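Asker: The task is simple: from the sequences and hints, build the whole structure.
Chain by chain, the residues:
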Amino acid sequence: MAAYTVNGVDYEHDEEGYILDVTNWNEDLAKVIAVEEGLDMTDEHWLVVNFLREYYNEYQIAPAVRVLVKAVKKQFGAEKGSNKYLYELFPYGPAKQACKVAGLPKPTGCV
Amino acid sequence: MAEYEFETEGVKKTFTFMNRKAPYGTVYALEVLETVLISAAFEQHANIVFADDGVYQLKAGHDTTGIGMKNFSPTFGIIEMEKEDADEDEDIDMVWRIIVEKESMEARGLTADDFKVEVEVLSAAELADIVDASDCVISG
Amino acid sequence: MLHTVNKSPFERNSLDTCLRLAKKGSAILLIEDGVIGAVKGTVQSAKIEGAVKDHPVFVLGPDLKARGLAEDQVIDGVKVVDYAGFVDLAEEHGTHSAWL
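Chains as they are written, first to last, in UniProt numbering: chain A, 1 to 111; chain B, 1 to 140; chain C, 1 to 100.
If you are wondering where the hints come from, they were derived from the structure by calculation, not from laboratory data.
Note that the structure is predicted; figures quoted are calculated from it, not measured.
Warning: the hint list may mix true and false statements.
Here are the simulated DMTMM-like pairs of lysine to aspartate or glutamate, each with C-alpha atoms no more than 25 Å apart in a straight line [said to hold, decoys possible]:
| hint | chain 1 | residue 1 | chain 2 | residue 2 |
| --- | --- | --- | --- | --- |
| 1 | B | K83 | B | E34 |
| 2 | C | K24 | B | E9 |
| 3 | B | K70 | A | E16 |
| 4 | B | K59 | C | D16 |
| 5 | A | K96 | A | E58 |
| 6 | C | K23 | B | E103 |
| 7 | C | K7 | B | E9 |
| 8 | A | K80 | B | D93 |
| 9 | A | K84 | B | D85 |
| 10 | B | K102 | B | D91 |
| 11 | B | K70 | B | E31 |
| 12 | C | K24 | B | D129 |
| 13 | A | K70 | B | E9 |
| 14 | B | K102 | B | D135 |
| 15 | B | K12 | B | D91 |
| 16 | A | K70 | B | D93 |
Answerer: The structure is reproduced here in structure tokens:
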């Protein structure tokens, strides 16, 4: 099984790069995953990632995109509360990329 | 995920999700729950009903560590949150009700205090009217 | 509203719950193993004998036949329909609830 190596520790991931154990996540690991994804992490990226983690911890499932959009809207204002804005941050899709950086399992369905 | 736009403008129907199976023994409960969550995106009215052994889906204190299955009990919190959002936000024309059938609950020695989320407890006769008035019944 | 029941009353409580939650006057169609509920002279027969007073009740003939159950074994007041009759019921009632 392939793994990310961060500060000398191996974190196993699946063939698409999602880490296998969500409880192993830490910020340094997230930064490594982000580099692999070609993302330059800004505060706005981190806000999305942190929201995903909090939501997952509470509900044990990734949020639907509309829930994510609404949360971003609350933080950054109406002009950024859109699917388009999330795609600007995560060009390959907020579900796919942001969940991966946040250490969440690959979302099933159209979240 | 793709950027699909769904044309739901002006379409408003009432869906009843009929949960009748206990959690974990079969996949019914989880499948219905996922369907409910997806349906939220379409802003339709929904009655999320729990009858027969389905009432055990709402029981507080699920701990699945011993059976190696994911505990989906926390996910019911999303239904509660969607319901609260819809109730509070004037822009959302969506009525969600979480309903437990009184007869099923009492037959199992349960009360509304045993549940993880706030529910409406309705008699079979009251529930029959709600089912009959639904545009679509999704069974599990 | 058309209610369908596809489980035997000997195996599941689907028929009981259907009868409890189907509004008076709404139609009930027994299909698959549900047809066992429509048979006379069983310890479960009283359920459908009572139901025919409050609901139009139908049973799917091909499912009876497949299980070696004859039409003359069906409880009085229950109408036997074929697949075309099933389609007519669905079309007539518009909405549907399946009791599994």
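Asker: Looking back at the numbered hints, which does the structure fail to meet, lowest number first?
Answerer: 2, 7, 10
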